[in-house]
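S.K.: Start from chain A and add chain B according to the hints.
Protein chains: 2
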Amino acid sequence: MNRLLLLLTFAALLADAQPAMLDDAVRLKDAALDGMTAFPMLEELLAGGHRFSGSEGYERAVIWAEKAMSKAGADSVWLQPVTVPRWVRGARERSVMTLSGKRHPLAVRALGGSVGTGPAGVTGRVIEVRSLEEAAALGPRAKGAVIFYNRAFDRTKVNTFEAYGGAVDQRGRGAIEAAKVGAAAVLVRSMTNAADDVPHTGAMRYHDSVPKIPAAAIGAASAERLSRALRSGTEVSVTLTMDCRTLPDVESHSVIGEIRGTERPDEVVLLGAHLDSWDLGTGAHDDGSGVVQCIDVLSLYRRLGMRPKRTVRVVLFANEENGLRGARAYAAFAERSPQRHIAAIETDAGGFAPRGFTTDADSVRFRRLMEAMPLLDVVNAGSLRPGSGGADVDQIRTPGIVHIGLRPEDQRYFDHHHADTDTLGAVHPRELQLGSAALAILAWYIAESDL
Amino acid sequence: MNRLLLLLTFAALLADAQPAMLDDAVRLKDAALDGMTAFPMLEELLAGGHRFSGSEGYERAVIWAEKAMSKAGADSVWLQPVTVPRWVRGARERSVMTLSGKRHPLAVRALGGSVGTGPAGVTGRVIEVRSLEEAAALGPRAKGAVIFYNRAFDRTKVNTFEAYGGAVDQRGRGAIEAAKVGAAAVLVRSMTNAADDVPHTGAMRYHDSVPKIPAAAIGAASAERLSRALRSGTEVSVTLTMDCRTLPDVESHSVIGEIRGTERPDEVVLLGAHLDSWDLGTGAHDDGSGVVQCIDVLSLYRRLGMRPKRTVRVVLFANEENGLRGARAYAAFAERSPQRHIAAIETDAGGFAPRGFTTDADSVRFRRLMEAMPLLDVVNAGSLRPGSGGADVDQIRTPGIVHIGLRPEDQRYFDHHHADTDTLGAVHPRELQLGSAALAILAWYIAESDL
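Note that the protein sequences, when read in sequence, are chains A and B.
So this note's numbering is basically just the index in the first sequence, starting at one, shifted up by 11.
So this note's numbering is basically just the index in the second sequence, starting at one, shifted up by 11.
There's no promise every hint is true.
Remember, identical chains collapse to one label, so a pair may be satisfied in a single copy or spanning two.
Under the rule of at most 20 Å between Cα atoms (straight-line distance), these lysine to aspartate or glutamate pairs were calculated in the EDC-like manner [unchecked claim]: (1) Lys-168 to Asp-35; (2) Lys-191 to Glu-235; (3) Lys-168 to Asp-34; (4) Lys-223 to Asp-260; (5) Lys-82 to Glu-54; (6) Lys-191 to Asp-180; (7) Lys-320 to Asp-277; (8) Lys-320 to Glu-382; (9) Lys-191 to Glu-144; (10) Lys-168 to Asp-41; (11) Lys-154 to Asp-86; (12) Lys-168 to Asp-45; (13) Lys-78 to Glu-54; (14) Lys-191 to Glu-274; (15) Lys-78 to Glu-55; (16) Lys-168 to Asp-388; (17) Lys-320 to Glu-459.
The set of hints was computed from the structure by calculation and includes no laboratory data.
Values in this document were obtained by computation on a predicted structure and should not be read as measured data.
Chain A extracted, bound-state conformation (with noise of 0.2 Å):
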């Protein structure tokens, strides 16, 4: 048996059982690419600058959103109630190596939810750590050090997202695992296979257990400055000087709205992204690009007169990026629905140009996912993994339900993520249109079929 044996016998299957499935994809392909609308849509959401859990972005989000969403043509459109963290980078935010007397800025931008330094700054001498365990195994050295964490991405991962998994460990705990041997702050080398100087934000965690220290990201090339300073032998120390700090919870909202379906209303497919971002660039590809393709897709089915027989319901999700609370609350009200969910359908990888899905199906659905597949290679995502669906759907845990994930081609993700590049000109608009499709495609075989 060999691929092309396998192409010869999906075209017969699809020749015999899914001729009018094969003509709906084309239709939605067609009209996603002739329409390019989710490059405008972009434009649109991303004009009203970042949209940071709590800050007045995001609530200007929402409202962009429920317009967005009733214009695609949602049957309804409600805002679900969610309590976001508040956290605000201030005014200073700097570092500065001091090396044989002469100081050397670093390029640094506070992690999310760090505390802050003092008006003062924190001053440290500097000790590289390529792990968490190193960090742990300093012991009383470390005290009153500011442990930098320099464990770069493993390059030779193909799959930027598992170099990504491989390396963030150093963010999220890094400040919890220094502050047990008495650092006085950390910083973290970005999350990124880029060689550039840009600082790349990101979650990170405390222990109530130990004390919060300052924690920073450093730029790829200010970490490799710093870690020559270091093999040089010469003591190095550093400033850094932040003002970020963390304020009441807000009260917010995510935004969701529906395509009812004609004869299943109440088996629900959903298509997840996130409408918040970090506070650096304005999130283009994390998630604008997955929200305006969520609402693309309504807007897809609308302007084609496909009325789903199962409800496509768009969940755009509160505070992925630093609480995951707007995916905790849809998750309790699905608990509580009526309505089952038969499958959630994350974008949040990029709206880079899709290659195909991950999905956390069992081996049977697995087998009818795949039955897609020729479906999606009309929009050349036609790969099917075992894998997640996302941070967002992954949360909603109804009995049966499927997480999907679209997957988008990853080596450019990381160069903008969490960082202030992450803006309208990194996406391109055929790409991101592309994904549209893919998940429009997808989305409307798992709503006609008996998945």
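M.R.: Leaving out everything else, chain B in the frame of chain A:
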């Protein structure tokens, strides 16, 4: 049968038959992504400026490529003489639209091979057409006019090369058809899906039986402006002024290097790219990327101590863009050569993330190549479809040769193709490098197999 079963079947096949091959593929991938040597090579190559046939830049590139192949570890490097055309873009290259007495500049660039307009320029009223047939049907009305070919890419085509193929006859034969009906000049809408105003040059032809009239590419935004002006009903005239001209042919060279096969040195697996570029931008994707990928393959084998059984030969063709003379010279050499060409793999579709390959292999050898696709999945390039190898390698028509083309993600390719924006910044280091790895894996598979 479904894809899941297929994957399992492949996994079994691999485990059974090709464990060493899979190890080799992983080693090549690791060395490629760890070394990241392709992008620095591209930076070096592009520092010499564009590499248009007959230019000093091309001759600098020949010297660079000779050295780079030696440095990469080729057993031998040689130059193959090729006589190439020499066309030069003049100092002046502009177009002005006159509408109700007002003058509006249009973004234009001469098409490659166009005659100039003479010092006074050419002025004519504009007639917009969407096809060669429409131009031919104008009859005597076209006398003295500027024919404006304005059929855009079919944007519903997912594959941008197909969209290009559906529009490029306007550029190639537009001047011939316009001259037949007495037109004074032609403007051709740029071959791109982008909405910006960057003109894209490219090859055009004349026919000895009709006058040679000036031909220019016009930016997409300028094309839209011009079309709107024409729809207003007012007469619109355009003045085109270009100093371009054709000079006598020049002696030049293709550059060839190889690692000699250990067991079957007279059987050649060819890797091809073209060393020349257009004279706009620096030909970063077209085809600087292909050039450095081919050289990088030799370097990867050397670094890993992998000696192929068959000879792996890199041919960097002269003059692909406006003559194909390098490919024809090599094809003539291959005809005379006692060596047998097993396969010729071309990389000339941009330095973007590889998705797979196309080939004209017959069904038996298509299946053999299919067996290599699980190896290519290591770098996410495991798709194989029927198709051509590429403009250069397809010229080689020795008995039994299989033509293969690398197919990268293509949504961004025609944003930069033949234009000022085809420069280093448009290339992503990891995407480029994955292309090297894909070529190295496939060439290795063929060099070690009995395909």
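S.K.: Would you mind marking each hint as holding or not holding in the structure?
M.R.: We went through each hint and held it up to the structure:
Proximity of Lys-168 and Asp-35 under a CA criterion of 20 Å is satisfied inter-copy only: 16 Å between copies versus 37 Å inside one chain copy. In the homo-oligomer, the alpha carbons of Lys-191 and Glu-235 never lie at most 20 Å apart, since the shortest distance is 26 Å inside one protomer and 64 Å across protomers. In this assembly of identical chains, Lys-168 and Asp-34 lie within 20 Å of each other by CA distance solely across copies; the values are 15 Å between and 38 Å within a copy. Within a single copy, Lys-223 and Asp-260 get their C-alpha atoms as close as 19 Å, which meets the 20 Å cut-off; across copies the closest is 73 Å, which misses it.
In this assembly of identical chains, the alpha carbons of Lys-82 and Glu-54 lie at most 20 Å apart only when taken from the same copy (16 Å versus 47 Å across copies). In this assembly of identical chains, the alpha carbons of Lys-191 and Asp-180 lie at most 20 Å apart only when taken from the same copy (16 Å versus 70 Å across copies). In this assembly of identical chains, the alpha carbons of Lys-320 and Asp-277 lie at most 20 Å apart only when taken from the same copy (10 Å versus 63 Å across copies). Taking the closest pair of Cα atoms, Lys-320 and Glu-382 come within 20 Å of each other only inside a single copy of the chain (19 Å); across copies the shortest separation is 41 Å, beyond that limit.
Taking CA atoms no more than 20 Å apart as the test, Lys-191 paired with Glu-144 passes inside one copy only; the shortest distance there is 12 Å, against 78 Å between copies. In this assembly of identical chains, Lys-168 and Asp-41 lie within 20 Å of each other by CA distance solely across copies; the values are 8 Å between and 35 Å within a copy. Neither within a single protomer nor between protomers do Lys-154 and Asp-86 lie at most 20 Å apart by alpha-carbon distance, with minima of 60 Å and 57 Å respectively. For the identical chains of this complex, Lys-168 and Asp-45 are inter-copy neighbours only, at 9 Å across copies versus 36 Å inside a copy, given an alpha-carbon limit of 20 Å.
Within a single copy, Lys-78 and Glu-54 get their C-alpha atoms as close as 15 Å, which meets the 20 Å cut-off; across copies the closest is 47 Å, which misses it. Taking the shortest alpha-carbon separations for Lys-191 and Glu-274, neither the intra-copy value of 58 Å nor the inter-copy value of 61 Å comes in at or below 20 Å. For the identical chains of this complex, Lys-78 and Glu-55 are intra-copy neighbours only, at 12 Å inside a copy versus 51 Å across copies, given an alpha-carbon limit of 20 Å. Proximity of Lys-168 to Asp-388 under the C-alpha cut-off of 20 Å is restricted to the inter-copy arrangement: shortest distance 13 Å between copies versus 25 Å within a copy.
In this assembly of identical chains, Lys-320 and Glu-459 lie within 20 Å of each other by CA distance solely inside one copy; the values are 6 Å within and 53 Å between copies.
The structure does not agree with the numbered hints 2, 11 and 14 stated previously, though it agrees with the rest.
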